[in-house]
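A.B. asks: One-letter residues, chain by chain:
Number of protein chains: 2
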Amino acid sequence: MCELLGMSANVPTDICFSFAGLSRRGGETGPHVDGWGIVFYEEGGVREFKDYMPSHGSKLSQFLSDYPIKSHIVISHIRQANVGGVGLENTHPFQRELWGQAWSYAHNGQVPAALDLANTRFSAIGSTDSERIFCWLMDSLAARFDAAPDPQVWADYLSGLCESINKLGVFNLLLTNGNALFCFCSTKLCWITRRAPFGVAQLSDKDLSIDFAEVTTDNDIVTMIATQALTNNEVWHTMAHGECRLFVAGESVWECHTRAVLHASAASQADGA
Amino acid sequence: MCELLGMSANVPTDICFSFAGLSRRGGETGPHVDGWGIVFYEEGGVREFKDYMPSHGSKLSQFLSDYPIKSHIVISHIRQANVGGVGLENTHPFQRELWGQAWSYAHNGQVPAALDLANTRFSAIGSTDSERIFCWLMDSLAARFDAAPDPQVWADYLSGLCESINKLGVFNLLLTNGNALFCFCSTKLCWITRRAPFGVAQLSDKDLSIDFAEVTTDNDIVTMIATQALTNNEVWHTMAHGECRLFVAGESVWECHTRAVLHASAASQADGA
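Protein sequence lines, in the order shown, are assigned to chains F and B. Numbering follows UniProt numbering, in which position 5 of the first sequence is assigned residue number 5; successive positions increment by one, without gaps. Numbering follows UniProt numbering, in which position 77 of the second sequence is assigned residue number 77; successive positions increment by one, without gaps.
So that you can see chain F by itself, here it is in the shape it has in the complex (with noise of 0.2 Å):
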């Protein structure tokens, strides 16, 4: 399995604590050893960066953890390599344009059927079942509208699309077209909104604590997305089998509940996650 990082924000926020944690649990306080990725919007333009090698213990993941880059959306993931091997092809987030926007997709968890999907204008370009979902994600999309829709309105279309892929095995996803954050929880995933008055968070991987009162204004908010919480004195919330949502600057303005059919292997392999 892999772990998920996501971040919706109201104003040009860096992820430099957060992402000290979640890049520890690549290959120091969790398994996931097979390369990691991240990709930031700021303002009209995205960038990413990708490695092949454990976050933990590389020099650019380090680089990153040091060097603040504000931006209003991060997605962010890790490797456990199943199906696909370890090189950058493979390595998430997967990047398409769409309607002359920039979208990124993460996905944690396995859904091996998915190599069976017949893609149209978008194709794979590594080998894993996550890029031929989101190639599929991205075409029917495409398929659907001629131009971009509301957020609201893609999500509503695209928590259709996420509840057929879960039922063919564990798919817990973020994605995102640079407005808004879509979040789509198979088996785990949780979030928190910080806002006035924030205090100090303690991460749960490594002795770092950060009073974010000291770096904040008071109209800042922000919401961390993952698959398992990276502070151990905040409460953050635990999102439900088959349940979206969409985060825009911040703010969860879109939710709704999917039937959670969970496939026959899906929940063994969720308690393996």
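Among these hints, one or two may not hold up.
Stated by the list, open to error - To give a feel for the contact side, a few chain F residues facing chain B, derived at Cβ under 10 Å:
| # | residue |
| --- | --- |
| 1 | V46 |
| 2 | R47 |
| 3 | Y52 |
| 4 | E89 |
| 5 | A102 |
| 6 | S123 |
| 7 | G242 |
| 8 | E251 |
| 9 | R259 |
Claimed, not checked - Calculated pairs, SDA-like style, for lysine to any residue (alpha carbon to alpha carbon, straight line, at most 20 Å):
| # | chain 1 | residue 1 | chain 2 | residue 2 |
| --- | --- | --- | --- | --- |
| 10 | B | K59 | F | P68 |
| 11 | F | K59 | B | I69 |
| 12 | F | K59 | B | Q62 |
| 13 | B | K167 | B | Y157 |
| 14 | B | K59 | F | A81 |
| 15 | B | K59 | F | C16 |
| 16 | B | K167 | B | A113 |
| 17 | B | K206 | B | A20 |
| 18 | B | K59 | F | D14 |
| 19 | F | K59 | B | A113 |
| 20 | B | K59 | F | D51 |
| 21 | F | K59 | B | Y67 |
| 22 | F | K70 | B | F63 |
| 23 | B | K70 | B | D14 |
| 24 | B | K70 | F | M53 |
| 25 | B | K70 | F | G87 |
| 26 | F | K59 | B | S58 |
| 27 | B | K59 | F | Y67 |
| 28 | F | K59 | B | A20 |
| 29 | B | K59 | F | F63 |
| 30 | F | K167 | F | E42 |
| 31 | B | K70 | F | S58 |
| 32 | F | K70 | B | D51 |
| 33 | F | K70 | B | A113 |
| 34 | F | K70 | B | A20 |
| 35 | B | K59 | F | Q62 |
| 36 | F | K59 | B | D220 |
| 37 | F | K59 | B | V235 |
| 38 | F | K59 | B | D66 |
| 39 | F | K59 | F | L115 |
| 40 | B | K70 | F | V86 |
Simulated from the structure, these hints should not be mistaken for laboratory data. Keep in mind that this is a model prediction, so the values were computed, not measured. Beta carbons are placed, not taken as given, at the ideal position from N, Cα and C, and that holds for glycine.
Model the placement of chain B on the given structure of chain F, informed by the hints.
C.D. replies: Chain B in isolation, oriented as in the chain F frame:
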């Protein structure tokens, strides 16, 4: 104008030496202060690094100058903005997926009329003429071929497209699908192939030299392509107006000479490049 740098090699090779020279042109020895980017092809995958800051003095470019990423194809670009503001969305190289391949492209020059090009399947995310042309090239390739043809076949088709764009302005470009590196010279591009016996090279932009004999084997073949020669003690081949070349594994495997019809304003722009 901007500056381009490309590499094609038959073995995974790092570009730290050349990048150290190029990055100084972004604010130190040259005026290209409006961002920079570099894309590395490594085995089946690709990763890119971008910044909207000048490459000279950028912590990220300093990191890459010291961090050897070994790859077989590289494209890099440092930007002096003309069309489109300074921002990640307008920073080269641009990237799109076609036929399950990651295509990357960087452009030096100006083709303002390209903003009138109609895009179909691929749309620009930023506001540059460069990205609009890239999308038009990818649209054209997708319409012409159902699946990836041999590199010489798409290069031949692409040369005609480049000729038509070149009539509208200044259009020096590097483009790759990860297998082959295509170059088109509108006004200014040069290249050098290094092979055994290797010697010492001295950067033009920095007091730095390297003895390639110490870091290569006798079988290595490495071609560098650049807007201006990066070293001052080697002979670089100056490309002619309208000349195209295709490099695979460090070797020039195909070339053609399109009609070098310079746009009225191109000659004067070229002088100032």
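A.B. asks: Hints numbered earlier in the text: which of these fail when held up against the supplied structure?
C.D. replies: 7, 8, 9, 14, 19, 30, 33, 34, 36, 37, 39
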